[in-house]
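K.L.:
Residues per chain are reported as follows:
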Amino acid sequence: MILELKNIGKHFGGLQVLQNVDLAIEEPQLIGLIGPNGAGKTTLTNIMDGVYKPNEGEVWLKGERVDGKKPYEIARRGFGRTFQVTRAFRRMTVMENMLVPAMALHPGAKKREVMEKAYGVLEFLTIEHLVNEYGRGLSGGQQKLLELGRLLMLDPDIIILDEPFAGVHPKLQETIYEYINKARTEGKAIVLISHDMGSIFALSERLVVLDFGQVIADGHPDEVKTNPAVIEAYLGKDEEEENLA
Amino acid sequence: MIEEKSLKNKLFSLPGLIVAVVLVAAIALPLVISYFNLPPYQIHVFIVGYYFAILASSWALLAGYAGQFSFAHMAFMAIGAYTAGILGQQLGTNVITGIIIGTVMAGFWGFLIGVLCLRLRRTYLALFTIAFSEILRLVLNAERQVTGGPDGMSFNPLVAGTTSNIPPYYIHLALLIGVLIFMYALANSRFGLFWRSIREDEEAAAAMGVHVVRYKVMVFVITAMIAGLAGAVHWHYVSIVTPNDLLIRQMSIVITMAVIGGIESLIAAALGAIVIQYGLEFMRPLGSWRLVVFGLLLMVTLRFFQNGLLYPLLQRLYRRGAEAETVAKRQVASEP
Numbered sequence: 001m002i003l004e005l006k007n008i009g010k011h012f013g014g015l016q017v018l019q020n021v022d023l024a025i026e027e028p029q030l031i032g033l034i035g036p037n038g039a040g041k042t043t044l045t046n047i048m049d050g051v052y053k054p055n056e057g058e059v060w061l062k063g064e065r066v067d068g069k070k071p072y073e074i075a076r077r078g079f080g081r082t083f084q085v086t087r088a089f090r091r092m093t094v095m096e097n098m099l100v101p102a103m104a105l106h107p108g109a110k111k112r113e114v115m116e117k118a119y120g121v122l123e124f125l126t127i128e129h130l131v132n133e134y135g136r137g138l139s140g141g142q143q144k145l146l147e148l149g150r151l152l153m154l155d156p157d158i159i160i161l162d163e164p165f166a167g168v169h170p171k172l173q174e175t176i177y178e179y180i181n182k183a184r185t186e187g188k189a190i191v192l193i194s195h196d197m198g199s200i201f202a203l204s205e206r207l208v209v210l211d212f213g214q215v216i217a218d219g220h221p222d223e224v225k226t227n228p229a230v231i232e233a234y235l236g237k238d239e240e241e242e243n244l245a
Numbered sequence: 001m002i003e004e005k006s007l008k009n010k011l012f013s014l015p016g017l018i019v020a021v022v023l024v025a026a027i028a029l030p031l032v033i034s035y036f037n038l039p040p041y042q043i044h045v046f047i048v049g050y051y052f053a054i055l056a057s058s059w060a061l062l063a064g065y066a067g068q069f070s071f072a073h074m075a076f077m078a079i080g081a082y083t084a085g086i087l088g089q090q091l092g093t094n095v096i097t098g099i100i101i102g103t104v105m106a107g108f109w110g111f112l113i114g115v116l117c118l119r120l121r122r123t124y125l126a127l128f129t130i131a132f133s134e135i136l137r138l139v140l141n142a143e144r145q146v147t148g149g150p151d152g153m154s155f156n157p158l159v160a161g162t163t164s165n166i167p168p169y170y171i172h173l174a175l176l177i178g179v180l181i182f183m184y185a186l187a188n189s190r191f192g193l194f195w196r197s198i199r200e201d202e203e204a205a206a207a208m209g210v211h212v213v214r215y216k217v218m219v220f221v222i223t224a225m226i227a228g229l230a231g232a233v234h235w236h237y238v239s240i241v242t243p244n245d246l247l248i249r250q251m252s253i254v255i256t257m258a259v260i261g262g263i264e265s266l267i268a269a270a271l272g273a274i275v276i277q278y279g280l281e282f283m284r285p286l287g288s289w290r291l292v293v294f295g296l297l298l299m300v301t302l303r304f305f306q307n308g309l310l311y312p313l314l315q316r317l318y319r320r321g322a323e324a325e326t327v328a329k330r331q332v333a334s335e336p
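These protein sequence lines are chains A and B, in that order.
When we follow the working numbering, the leftmost residue of the first sequence carries the number 1, and every step to the right adds one.
When we follow the working numbering, the leftmost residue of the second sequence carries the number 1, and every step to the right adds one.
Be aware that a few hints might be false.
Listed next, the in silico SDA-like pairs over lysine to any residue satisfying Cα-Cα at most 25 Å (straight line) [what the hints assert, rightly or not]:
1. A:K110 with B:Y184
2. A:K69 with B:V217
3. A:K70 with B:R121
4. A:K69 with B:E203
5. A:K111 with B:H211
6. A:K70 with B:F191
7. A:K53 with B:L120
8. A:K111 with B:A187
9. A:K117 with B:N188
10. A:K111 with B:S189
11. A:K111 with B:V213
12. A:K171 with A:R90
13. A:K53 with A:S194
14. A:K53 with B:C117
15. A:K111 with B:L180
16. A:K53 with A:D211
17. A:K70 with B:V115
18. A:K111 with B:E202
19. A:K70 with B:L116
20. A:K117 with B:L186
21. A:K53 with B:E202
22. A:K69 with B:C117
23. A:K53 with B:V217
24. A:K53 with B:E203
25. A:K117 with B:R190
26. A:K69 with B:R121
27. A:K110 with B:H211
28. A:K111 with B:M218
29. A:K70 with B:L112
30. A:K62 with B:H211
31. A:K6 with A:R206
32. A:K70 with B:V213
33. A:K70 with A:Q19
Keep in mind the hints are simulated off the structure, nothing from the lab.
All chains should be modelled from the sequences, with the hints used to inform the complete structure.
P.N.:
See below:
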């Protein structure tokens, strides 16, 4: 078992954001996590990576209970994530951005070797020519690629990609597709959060749908696509149907 | 392929040569002053400049590198100075012992403040550290029997048996160089990398595996110790310290020196302190107007040169190759 969420509940004051959320990722696979705005996707991600502590339930990562642990501890145990709004270190060069996770994870690593690895990752992401550029000098799409590059340096077992395609040029989107395929072939589990339904359905092997803080569907994308609860969550209830009820 | 500059390359680069020239000039300065029969007061101005350079550069490490905008730096300086002074006056310890214990005491308080400020950012951190500094100043004022109160506390001389200010000059210069080398090494190690990532985005740094709490406390302790060391050494030279020396105005001067030099560079902040200290003395005939000039310079810097006045110049020297390389690589990447 790579990651397991058991009966997760989270509230902020009187607002119940997540309720009885169960999610098990047993093998490396690509899971799409979708839901309307405010469904609780980002809160769930923040619980997985330790930013929030759940009010109820447990989080297990590779057989170890991690709810209550700090984000850096969870990251070091093999959990990596990107953020909905890109969070590249803007006043640090691209190379320095890449060094942070590698040096945090391997304090004794030789800088030269880490830099060589980082350069290889940047080449794969097609942004090696920006190696000395500051984060703030990169376009939005390039910053997304830089975030993905940092994740490869962290080398996690499970990756959460929060809206990786949002506002990204189609050419750079292709690189992100390649990135996802590479991570999959390397045996990493990936949770893809996106409002881009085309990408989600094209890439996901499994789809989980959240609505009002609860899992309303979990299965193969073809099954989920026709699930009445999912259609209702996205399109709303038919007025006639509602009157009959 | 990555080309990592070797130490040899760095030393023989243009910035390396500039540093070497400045260093030689600083070492030769007392000789030049005595050769031309200039007043020894000129040496004193540089001693004070080096003292402020240590404070401004260590504050730059704390605020510019790690993003912790603390106003308690002069308080840590005072803790170092008063600890050394009290030990010397009340217990008769020698100067070196007093300086060492003063430095450690400042580090201890840096640890406490660092832990207490973990969750505070920006305005809240600034207000908290201002409150701490003011409380300390009031305590030093009130505890007359121990600290001398508003009359101040006297110190044993930094160098016994001489009234010349040449030995203190070299002690301050050596201290500044030593502290800058130490901080430069830290800033270019993984610690510096983590501090800067914390400054940029604590949450993202933690998600990358950085132990944010450990590194925030660490930078508080290190910079507090450096401030305490500077205070303990310098006030032995001046021979008397009063609570007025940690007025918020003094802290503002240190911050202004670092800001005008450039808070993202230790060297720029230190140079800023020396240049401003000398500039203020040079403008002494202007009376209070010199502070007006100083204030205007700060306003112009904040409005038009947010990276400071000296840092962009240094950065231009250091990143010359990098920028040319990036432009060339961009061109290659954009070719079909």
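K.L.:
With a cut-off of 25 Å on the C-alpha distance, tell me whether K69 of chain A and C117 of chain B pass.
P.N.:
Between K69 of chain A and C117 of chain B the Cα gap is close to 21 Å, so the pair holds against 25 Å.
K.L.:
Keeping to a limit of 25 Å between CA atoms, is the pair of K69 of chain A and V217 of chain B held or broken?
P.N.:
Answer holds: K69 of chain A to V217 of chain B is near 19 Å, not above 25 Å.
K.L.:
Within 25 Å, alpha carbon to alpha carbon, are K69 of chain A and E203 of chain B?
P.N.:
With a Cα-Cα distance of about 14 Å, the restraint between K69 of chain A and E203 of chain B holds, given a limit of 25 Å.
K.L.:
Is K53 of chain A close enough to E203 of chain B, meaning Cα to Cα at most 25 Å?
P.N.:
holds (15 Å)
K.L.:
Regarding the pair K117 of chain A and L186 of chain B, is the alpha-carbon distance no greater than 25 Å?
P.N.:
holds (23 Å)
K.L.:
Would you mind confirming whether the straight-line C-alpha gap from K53 of chain A to L120 of chain B stays at or under 25 Å?
P.N.:
The hint holds at about 20 Å.
K.L.:
Are the Cα positions of K111 of chain A and E202 of chain B separated by 25 Å at most?
P.N.:
holds (23 Å)
K.L.:
Take a quick look at whether K6 of chain A and R206 of chain A sit within 25 Å of each other, Cα to Cα.
P.N.:
holds (18 Å)
K.L.:
So if I understand the rule, the pair passes when the alpha-carbon distance is 25 Å or less; does K70 of chain A with F191 of chain B pass?
P.N.:
Holds, at about 19 Å.
K.L.:
Hint check: K70 of chain A vs L116 of chain B, CA-CA at most 25 Å. Holds or violated?
P.N.:
With a Cα-Cα distance of about 18 Å, the restraint between K70 of chain A and L116 of chain B holds, given a limit of 25 Å.
K.L.:
When you check the alpha-carbon spacing of K117 of chain A and N188 of chain B, does it fall within 25 Å?
P.N.:
OK: K117 of chain A and N188 of chain B at ~19 Å, within 25 Å.
K.L.:
Can the restraint linking K70 of chain A and Q19 of chain A be considered satisfied, given a maximum Cα separation of 25 Å?
P.N.:
holds (22 Å)
Hint violations for this structure: none, all hints satisfied.
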